[in-house]
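Here the protein sequences line up with chains A and B, keeping their order. Residue numbers for the first sequence follow numbering that gives the first Met the number 0, beginning at 0 and rising by one. Residue numbers for the second sequence follow numbering that gives the first Met the number 0, beginning at 0 and rising by one.
Everything labelled a hint here was simulated from the structure, so no lab data went into it. No residue lacks a Cβ here, since even glycine has one placed at the ideal position from N, Cα and C. Some hints here could point you the wrong way.
No more than 25 angstroms apart at the CA atoms, straight line, and that leaves these computed lysine to any residue pairs for SDA-like [unchecked claim]:
| no. | chain 1 | residue 1 | chain 2 | residue 2 |
| --- | --- | --- | --- | --- |
| 1 | B | 323 | A | 663 |
| 2 | A | 740 | B | 334 |
| 3 | B | 120 | B | 110 |
| 4 | A | 720 | A | 710 |
| 5 | B | 248 | A | 720 |
| 6 | A | 740 | B | 246 |
Output of the computed footprint for chain A on chain B, the stretches with three or more beta carbons under 8 angstroms from beta carbons of chain A [claimed, not checked]:
| no. | region |
| --- | --- |
| 7 | 40 to 49 |
| 8 | 241 to 253 |
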Amino acid sequence: MNGQRHATVVAAATLALTLTPLIGIFEGLGWAFPVMLTIAMIATAGSLMRAAGRGQGLQTLAMAVTLVVILTAGFGGGTGLLFVVPMPATFEHWASLAQDGVGAIIVNAPPVEATGGIMFLTVLGVGVVAILHDMFVVGLRTPALAGLTLLTMYLVPVSVAPDATAWFWFILPAVAYLWILGDDNLRRVSAFGHRFTGAGQLVGRSFPSPMARTARWSATGFVAVTLLALTLVPANTSGLIDNVAEGIQGGGESYGLGDVNPWAQLSGSLTRPEEVDVLRVTTDDPNPRYLKMHVLDELTSDGFGPNDYDGTQDLDSLDDPGDEVYTAEIENLQLEAPVVPVYGAPADLDIDGDWRIDPDTGVIVGDRSDMGDVEEYTLRYAEPAPDAETLASAAGMDPGDERWDANTARPDVPELSEIVADATAGADTVHEKVLAITQFLSVSNGFTYSLETSDAGNDEAILDFLETKRGYCQQYAASMAWMLREADVAARVVVGLSQGSRVDGNEWVLTSHDYHAWVEVYYDGPGWVTFDPTPASGVPGSVTFPWAREPAEEEDPGEEPSGNDITPEEPTAAPTDENGQTLPPEEGASGGPSEEAADGAAEPLLPFHPGWLALLPLLAVPFAPALWRGGLRRRRLRPGTLTAQTAWDEAMDLAQDYGVSIPDSYTPRQAAGVLAAAAPDAREAAAALGSAMALHRYSPRGADPAGLADALRDLYAELDKNAEPRAKYRAMFWPASLIAKASAGRAEQSARLSRRSARTTDRVRSALRRPRRSNNRDRHGVGGRA
Amino acid sequence: MTFESSPEKPDGTMPLPSTAQGPAPLSPQEFKATAEAILTNVEWVIEGKSHTIRLALAVMLAEGHLLLEDVPGVGKTQLAKALARSVDCSVRRIQFTPDLLPSDVTGVSIFDPEKRDFVFKPGAIFGNLILGDEINRASPKTQAALLECMEERQVTVDGNTYKLRSPFMVIATQNPVEMEGTYPLPEAQRDRFAARLAIGYPDINAELALLDRREEYNPLDALRPVADAEMIVRMIAAARAVHLAPELKRYVVDLVAATRTNAQVRLGASPRATLQLLRCTQVLAAMDGRDFALPDDVQQLAVPVLAHRLIPTTETTMGGGDTKAIVSDILRHVPVVSHPGRF
Chain A
0 MNGQRHATVV
10 AAATLALTLT
20 PLIGIFEGLG
30 WAFPVMLTIA
40 MIATAGSLMR
50 AAGRGQGLQT
60 LAMAVTLVVI
70 LTAGFGGGTG
80 LLFVVPMPAT
90 FEHWASLAQD
100 GVGAIIVNAP
110 PVEATGGIMF
120 LTVLGVGVVA
130 ILHDMFVVGL
140 RTPALAGLTL
150 LTMYLVPVSV
160 APDATAWFWF
170 ILPAVAYLWI
180 LGDDNLRRVS
190 AFGHRFTGAG
200 QLVGRSFPSP
210 MARTARWSAT
220 GFVAVTLLAL
230 TLVPANTSGL
240 IDNVAEGIQG
250 GGESYGLGDV
260 NPWAQLSGSL
270 TRPEEVDVLR
280 VTTDDPNPRY
290 LKMHVLDELT
300 SDGFGPNDYD
310 GTQDLDSLDD
320 PGDEVYTAEI
330 ENLQLEAPVV
340 PVYGAPADLD
350 IDGDWRIDPD
360 TGVIVGDRSD
370 MGDVEEYTLR
380 YAEPAPDAET
390 LASAAGMDPG
400 DERWDANTAR
410 PDVPELSEIV
420 ADATAGADTV
430 HEKVLAITQF
440 LSVSNGFTYS
450 LETSDAGNDE
460 AILDFLETKR
470 GYCQQYAASM
480 AWMLREADVA
490 ARVVVGLSQG
500 SRVDGNEWVL
510 TSHDYHAWVE
520 VYYDGPGWVT
530 FDPTPASGVP
540 GSVTFPWARE
550 PAEEEDPGEE
560 PSGNDITPEE
570 PTAAPTDENG
580 QTLPPEEGAS
590 GGPSEEAADG
600 AAEPLLPFHP
610 GWLALLPLLA
620 VPFAPALWRG
630 GLRRRRLRPG
640 TLTAQTAWDE
650 AMDLAQDYGV
660 SIPDSYTPRQ
670 AAGVLAAAAP
680 DAREAAAALG
690 SAMALHRYSP
700 RGADPAGLAD
710 ALRDLYAELD
720 KNAEPRAKYR
730 AMFWPASLIA
740 KASAGRAEQS
750 ARLSRRSART
760 TDRVRSALRR
770 PRRSNNRDRH
780 GVGGRA
Chain B
0 MTFESSPEKP
10 DGTMPLPSTA
20 QGPAPLSPQE
30 FKATAEAILT
40 NVEWVIEGKS
50 HTIRLALAVM
60 LAEGHLLLED
70 VPGVGKTQLA
80 KALARSVDCS
90 VRRIQFTPDL
100 LPSDVTGVSI
110 FDPEKRDFVF
120 KPGAIFGNLI
130 LGDEINRASP
140 KTQAALLECM
150 EERQVTVDGN
160 TYKLRSPFMV
170 IATQNPVEME
180 GTYPLPEAQR
190 DRFAARLAIG
200 YPDINAELAL
210 LDRREEYNPL
220 DALRPVADAE
230 MIVRMIAAAR
240 AVHLAPELKR
250 YVVDLVAATR
260 TNAQVRLGAS
270 PRATLQLLRC
280 TQVLAAMDGR
290 DFALPDDVQQ
300 LAVPVLAHRL
310 IPTTETTMGG
320 GDTKAIVSDI
330 LRHVPVVSHP
340 GRF
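With the hints as extra help, turn the sequences into a complete structure.
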């Protein structure tokens, strides 16, 4: 079958076209060959089966087998029998590959390298889609459905990386879809032997139809209009169109690093159900603080974005602070990032690869090096700990400082200004403002930790957060920094890892749930000082910073550290006295916070989530027509509403449900006769219903509805008894009367629409014709007759 | 040219109580009983044609005129005569021939030498029930005279207007197969007949029964009237009181309108058709003992009342279609309850 082979080629080609947006999320084009090979082999398998005259079931089976063979050969890791037959070990290998792939997808932002797990998932996904696509286009001849597969393929890159997917990638999938539809129609029409044109000419098979020109023009027009609409319609901030300019100018690199969106990495890691170990730290610091990765100090109405790190210097410029210096040996378990997580003030870094430091932010940035290539590194660092008194008396950043603008810039959000003015009323010094805002965001002011919030950090999300008082570190940190900037204090957001948990002595493990965001505030003198507004209960490895409280006031139960890890710590050298003072007695620490931890931190880990309850209604969807139909029947038969008319409507609907055809040109008596023939034992019931309806409609006295409900029940039971099992189920779950009602409504709507458009056309036509007519007849007032 | 009078006042008694009680309105039951009596009487003569007889009586009680169109010998004249005899009223028969003059129908003024004046001699039209046999054999002029009387229910001769009797009904018969020497009724005149009925051949059993019955005598001769003219007038009045629901009127109007928009029809039914269809419907409902009409009544009457008024397009005629089929088709497609918003 030449036509089918042709259609197979078209199906494969269109699917390949639809894959082009993947270019945006993969690094390089290495992924393309295996994917294309998969598509080609699956198409060939399907085509061969078709050529052998096998049915759709065998075709699909053949294609599925081909996919398995490809996966075994390509991703079996040598476990397959003869490299192509999957063995149990192959499946285990695949499972681990898939797990790796999912992990990589969560941790990495595009473009990602197409290797290992991600490649496996890609080939698997494309293979499955290719089978469905071939089935829709060639096997089942339902090319319209193929739009679904194309859409699936298009949605993957768009949802994974809205930033990396430029709008113009939409063109190719759209063209591919039109191609499928057009090709199928051509095939359908060609099946008649000759193609027929509007003008009544016959056109040979090989010549394009004269009408094709119109079709081509309208297809082009549709694509153009769609794209135009896409550019004009306001999309949300992470939509395609916002990235148009970036896509063109920056080649999709929307952040300075081009690789990672720290916010996405943060929320992705925190909401990820299973915990993955990221780093193992061995340090002589008895109470390590947070590991800094990214500094986000570019504030727009979309929220904080990462610094460009464009003034990096050589690592040699790290100066040795001299005083308390700790050494940490950090083993990379599963971290891929273009930055090196570092503690406090790094003094010396021993690491493979090319790394540079951004002096403004203290971030160690890879110069074409990635943490993925680093097995372990050694860091010497200091943990400066300014005391509260120093901070209380310190001034903020000098407005004349060259960094002032960058660190206090904020979009104008009047609502936020009001809130900040209220919160910081009476605070004069920088530290007072910081404490006031910390207090404002504290648990005692009603703020609670919750991962169940949107992760957008834009102005609306911040206002939402301040209103609902529920959020996690992202909102806390972003809000605090923003509010501080609003109060003219230089502040920025830092994203990194929290303390983690101690496994043994001075060994700590940091997991994907230890990703965290906090705030740095600039004080004249001490420099950037760390504050963490997030309630300690929500952060597993939270650290309390002793300076983050008012010097006089020491006990604030709302802000006590949950101390999962930190509580039992002896006060040690670096934080020394302050730490010792602020740490509460052990009873206090072990009492309250553990409960908070239970409903805060443990929440995302629970396998059962209340959100699943929202899926319950979905289960009811298949029963919805039956429920609706039953409700309608009960409503009609309720003694208050029961009339001959409602009873008759119900009888007619029953007839339709059970496939008893009653034309609307039948009188009630004739219809009752048809019903009686369909349900012979309910003959009296049908007759009673028919004559009641006739009386109701045509007699001046109306009809008595008494007994009609019973008659209907008889009729229903009898119809049900006499129906074939299939008709029974259809009447129950897919009642034809409901469908007819729905489509009648739609038909009515479209009829209205077409009437309206016809009127408009008439009006336009007559308006166009008017002047010509009056010219011809040389008369006035003809227009009135048009 | 033949004039034939019905036997004057046979001695049959009226078994109906209503006549004695004066002009009290007829109850649906009384109406039904009387109608049944008439029908039984007529069926005694015409076997196996109860439906046709029923419709014929309905047309009569709706003050309409009936056109019987059928092949010779199936009992057209018998039906008309039986109907006339069952009702105790005057029956006149006019055998239409090409040389029949209008004055033969309407009457003529004759000079009476004794009175030295013209005296009006009433024509055959002055009866309650006029049987016009083979109406299409008369010249158009005579046909026109008859049809004018049918519509106006009065005769004007030499400037004097004479009212016709009530009830007044014309039962005309015509022969569809005879082509030579006939003058087919123009459509405008066909429109004046409320209904056209065909009797059709009897089925085998009915024909056997007919042979048995007619072995000894003509049952027509033994027929006794079961109602009189006054009763008929009361029945006509009672039928007009039958309730017509708005939905039913709408249905009738929809049906008639459908004949006008049908692609197979060159000329649809007139508003007069609508009126007559409704009146016949009322009678049929009353004959069923109801005081309200049903669409079932309308459907029984639609073909007889509408079909003879339609003029099919040439294509339809050449394709062998006839107007009865068109009306049946319309009945199959027009919804009984018109849906708002549907056209």
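We went through each hint and held it up to the structure:
1. B/323 - A/663: Given that 25 angstroms is the threshold and the Cα spacing comes to 21 angstroms, the pair holds.
2. A/740 - B/334: holds, 17 angstroms
3. B/120 - B/110: holds, 10 angstroms
4. A/720 - A/710: holds, 15 angstroms
5. B/248 - A/720: violated, 39 angstroms
6. A/740 - B/246: Given pair residue 740 of chain A, residue 246 of chain B holds - Cα atoms ~22 angstroms apart, limit 25 angstroms.
7. 40 to 49: violated (count 0)
8. 241 to 253: The restraint on the region 241 to 253 of chain B holds, since 4 of its residues have a Cβ under 8 angstroms from chain A and three suffice.
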